[in-house]
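With chain A held as given, fit chain B onto it using these hints.
2 protein chains.
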Amino acid sequence: MNQQIKFLLQESEIPHTWYNIVADLPHPPAPVLHPATLQPVTPADLAPIFPDAVIAQEVATEREIPIPEPVREIYKQWRPSPLFRARRLEAALDTPAHIYYKYEGVSPAGSHKPNSAIAQAYYNKVAGVKLLVTETGAGQWGSSLAMACNFFGLACQVYMVRVSYNQKPYRRALMETFGAKVTASPSCETEVGRALLAKNPESAGSLGMAISEAVEVAAQNPDAKYALGSVLNHVLLHQTVIGQEAALQMRLAGEEPDVVIACTGGGSNFAGIAFPFVGQMLRGERKKLRVLAVEPEACPSLTRGHYAYDYGDTAHLTPITKMHTLGSTFVPPGFHAGGLRYHGMAPLVSQVVEEGLAEATTVPQLESFAAGIQFARAEGIVPAPESNHAVAALLREAKRCKEEGVGRTLLVNISGHGHFDMQAYLDYMAGKLTNYAYPEEEIAMALAGLPNV
Amino acid sequence: MNQQIKFLLQESEIPHTWYNIVADLPHPPAPVLHPATLQPVTPADLAPIFPDAVIAQEVATEREIPIPEPVREIYKQWRPSPLFRARRLEAALDTPAHIYYKYEGVSPAGSHKPNSAIAQAYYNKVAGVKLLVTETGAGQWGSSLAMACNFFGLACQVYMVRVSYNQKPYRRALMETFGAKVTASPSCETEVGRALLAKNPESAGSLGMAISEAVEVAAQNPDAKYALGSVLNHVLLHQTVIGQEAALQMRLAGEEPDVVIACTGGGSNFAGIAFPFVGQMLRGERKKLRVLAVEPEACPSLTRGHYAYDYGDTAHLTPITKMHTLGSTFVPPGFHAGGLRYHGMAPLVSQVVEEGLAEATTVPQLESFAAGIQFARAEGIVPAPESNHAVAALLREAKRCKEEGVGRTLLVNISGHGHFDMQAYLDYMAGKLTNYAYPEEEIAMALAGLPNV
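Chains A and B, in that order, give the protein sequences.
So the first sequence is numbered by our numbering: it starts at -19 and just counts up by one.
So the second sequence is numbered by our numbering: it starts at -19 and just counts up by one.
Pulled out of the complex, with its shape left as it was, chain A reads as follows:
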C-alpha cells in the first residue's frame, strides 16, 4: 500500500496565472455601487485608494490573469505549498475517509495571506506608491503585508482591531519586527476612529471599523494607497494559486475530492482553495463535488445574514456590494478567531453560495479548539483558530463517513498556523473559553440599517 503523506510540486508548477471565477459563473456579479451616489462605481472612483492594475483586476472578466514574474519569484520562497494526506488523523478517527490538507502555514508570515500581499505590494510599487495602509484582524494579513512591503521597499501602516491587538501582542510584535507601524483600532489618529471612540470609548473594534480608518488615511495621502486582505475580487483572485496547486496535487495522489472545506471570514482562503475546483465543475471538467464554507457561530454571515447590498466598513467610506451581511454596524463578539470577525462576505463567495455551488455551516468556538487540538496531536501542526473552524467541519465529515461506512475523499485548507495564538489554546485548555450565542438582537439592529438600494 502506498503510504505517501506529502504531495509536492515543482517550482515550474506554481501557477502562471490566477483563476478568475467570474468567467465561469452562470451570472455576472452584481454591480458595485458608490456609497454616496448609489450609482455603479467607476475606476476613477477607486483611484484614490487603489493603483490602476488592482482596479483592473477588480473588474476583470478574463478567466486567466497572468501572475507577474517578480511576484511569482517571491512565491517560490514557500510555494508550491505542500498537500498532505492526514494518515495519522485518519487512524486516530478510525474513519474510512481519505483526508487531505493543503497547508498554507508554510509561508514566512504563517498563512495564505502573502499570496495577495506580495501581489498588492508589487502593483503599488510599480505605481510609485510609497506607503500602504491596511487593517488587520488576527494580524495574519497585517504581518503579511508588512513583510511584502519590506520586500518592495514600501512603508506599511496597520490598523489592528483592538480586541486582537490586546489578545495577540505577538502578531503585533511580528509586524513591528518587519518594521510596520501598528495602531489599535478604533484610534485617535483618524476622524472615523475619534467618532467611534466618542460613541464608545471601550470599543473592542471590528474589521469594519479598522477598514474605515485605513481607507481614510490612504485617501488623504497622495503617496499612500490602501490594501485589503480579503473580500474583494482581486484578493480572492490572488488566492487561487492554492486551489490550482491542490488540484494538481490531488491528481498526484490519484484521488478526486468529494468535499472541499475551508473557513470563511472575508472569504479569501475559502475562495483560494475552492474556486478552481468550482470552475472545473462549472466547465464540466470534474465531477460534482460538495464545497463547504465554515463560519463561526457568533458571526455567521453566509448562514444567517441577508443577501443584500451593504457597506464594507463601519464608516461607509467603501463601495456598496451585494453580499451576505449581518449589517455593517454589527460588532462581532471577541471570540478567538479575529480573521472571521467580519460582518460581510466576499461578494463572489456570496454569489457562489447563492447559486448553489457551495454550502455554508457554522461551528461554535469550543468545538473549533477541540478539533484543532485533535488535529495538532495527530499531525504535529497547530492550526490557527480560524483554520480550526475548517478542521471541526472536517472532523464532522470524517465521522459521518465512519457512520455511513463510506470512504469519501475530504480536502481541507489549513489556512495558517496558530503559533501566535497559543494564549487562546492555553485559555481553552484551562476551561476559560466559552461558546458565544448567536447575537440575535445586535444583528437584527444592524440589518435594520442596511442601505436602501
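If you're looking for bench data, these hints aren't it; they were derived computationally from the structure.
From a predicted model like this one, the values you see are computed outputs, not experimental measurements.
The reader is advised that the hints may include incorrect statements.
Copies of the same chain look alike in the list, so a pair counts if it works inside one copy or between any two.
As the list claims (entries may be wrong) - In silico lysine-lysine, DSBU-like type, Cα no more than 35 Å apart, as pairs: (1) Lys412 with Lys110; (2) Lys56 with Lys161; (3) Lys382 with Lys302; (4) Lys179 with Lys56; (5) Lys161 with Lys412; (6) Lys382 with Lys105; (7) Lys382 with Lys267; (8) Lys110 with Lys382; (9) Lys268 with Lys56; (10) Lys56 with Lys(-14); (11) Lys382 with Lys161; (12) Lys179 with Lys161; (13) Lys302 with Lys110; (14) Lys268 with Lys382; (15) Lys379 with Lys161; (16) Lys379 with Lys105; (17) Lys56 with Lys267; (18) Lys56 with Lys382.
Only chain B this time, still in chain A's reference frame:
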C-alpha cells in the same frame, strides 16, 4: 543571471543513513566515565535511562548508520528542508558574499529538534517504553519530543528550565497542546529539585538542573526512559540529515561553501550542518573550509571554557565526558536564547574544535537581536534567538567580504523560527534588553569544582 532562491531536493534524496563523524576523526573520542566509579561506562550502566538501540548509536564507530524506514517516513512531512539563497539580504548588505541558509524552521515543531526526537521516540517505542522524560531550555526540544511521542503513542513529561518557563509560556502551551506534562525546573517533584530549591528557592534553573530531574524520574520508573535533545553522540548523529541535504543542495546551486556557520548550545544543530562537510574535508572529498561555531557571550563554553572531563548535569547523575565546559554548577544568566544556556558542549563538537577543524566565536545579546531583525526584514523569516547568534556571525562575515572585496560563499543554519520568542523581540525593540558581561567569577568558581579525573 540565474535568480533562483530556493534549492529543493526530492523525497528520495532525504538521506538513508545518518553520518557518524567518529569514523573520520583523526583520533578516537575520549572514553565516557561513570560518575561514581570514574571508570569507562558500559552499555549496562546506561540501560536504566536509554534503550539499547540508542546506546549502540552512542558508541558506534561505523561511518553510516541506517535511518529506520518509519523514521524516514515521518521525516518526509517536512524534509528535505529548503536551502535558500538570501538574495534580498545580500542586496541589503551590499556584499559580494553569496549567502545561503538552510532553514530547519519548516518542521511542525519549528526547529531542527524533531530530527532526533522522531528517532528517539521510535527507538523507545520499539523497546516497549511507555513514557519519555526529558528536559528543555527554550522549549524547542520539549515541544519536538512531545510531538514525536504523540506520533508513536508514548506519554511525555518535560522539565522546563524555570526562566524559559516564565519567558516562553507559549512554548509550554505548545507542549501541552501536544498533550505533554510540563513542569518548571527546579521543581518539588524530584529529590534533586527539592535540594536545589532548598539551596536557592528563587533559582532560575538551568539545563544542567533540568537534566538531573528528568534523569532521576526516568531511572526510577521501569516503564520510562530518558531522552536528551543535544550533546550526546546519538543526538548529533540524528541531526546530520541537515548537512547531508545542504551539501546536495549547494551542489544544485553550483557553489561550494567557504564558511559554514551555526550557533552552539549543546552542539546539535551545529554538528547537524557542519559534520557532513567536515567529514568530506577529512576524507579529501572537498576543499578546506572554515567552520564557525557561534556562542552567546554570557555562556561561552567553547571559547572560554576548559577542555576537561565534567558532568553533564548539576546533580552529577549523568556520565562524565571530556568536553569544553564552564563547570557543571555554573548557572548562565537569563538571556533570551534558552537553547544556548548550557555549561558544557557536545564532546564531539569539542573534539572537532580542539583538533582545529572548526573555530568558535561569541556574540553579545543585543547584536544577536539586531541581526535577527535585519534578517527578518530581508528574508521574511524571523529566526529563533538561538539562531540569531549564527545570523550575527553571518553578517560579520558578509561585511568582511565587502571590506575585503572578496565574494565568499557563506552557509548558515537557521535552526528554528522565533514565533514563540516574540516577547524577546518586543523587549529588544523597546530597549529593555541588555548585554550580559562574561560571568568571570561564577565560572571560575564552577571550574574549580571540576571532577578530579
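Hint by hint, here is what the structure shows:
no.: 1; hint: Lys412 with Lys110; verdict: between (44 Å within a copy, 31 Å between copies)
no.: 2; hint: Lys56 with Lys161; verdict: within (27 Å within a copy, 39 Å between copies)
no.: 3; hint: Lys382 with Lys302; verdict: neither (39 Å within a copy, 57 Å between copies)
no.: 4; hint: Lys179 with Lys56; verdict: neither (47 Å within a copy, 55 Å between copies)
no.: 5; hint: Lys161 with Lys412; verdict: both (32 Å within a copy, 19 Å between copies)
no.: 6; hint: Lys382 with Lys105; verdict: between (51 Å within a copy, 29 Å between copies)
no.: 7; hint: Lys382 with Lys267; verdict: within (23 Å within a copy, 59 Å between copies)
no.: 8; hint: Lys110 with Lys382; verdict: between (55 Å within a copy, 30 Å between copies)
no.: 9; hint: Lys268 with Lys56; verdict: both (32 Å within a copy, 32 Å between copies)
no.: 10; hint: Lys56 with Lys(-14); verdict: both (18 Å within a copy, 7 Å between copies)
no.: 11; hint: Lys382 with Lys161; verdict: between (49 Å within a copy, 32 Å between copies)
no.: 12; hint: Lys179 with Lys161; verdict: within (26 Å within a copy, 47 Å between copies)
no.: 13; hint: Lys302 with Lys110; verdict: within (32 Å within a copy, 58 Å between copies)
no.: 14; hint: Lys268 with Lys382; verdict: within (22 Å within a copy, 59 Å between copies)
no.: 15; hint: Lys379 with Lys161; verdict: between (45 Å within a copy, 29 Å between copies)
no.: 16; hint: Lys379 with Lys105; verdict: between (48 Å within a copy, 29 Å between copies)
no.: 17; hint: Lys56 with Lys267; verdict: both (31 Å within a copy, 31 Å between copies)
no.: 18; hint: Lys56 with Lys382; verdict: between (39 Å within a copy, 28 Å between copies)
Hint violations for this structure: numbers 3, 4, all remaining hints satisfied.
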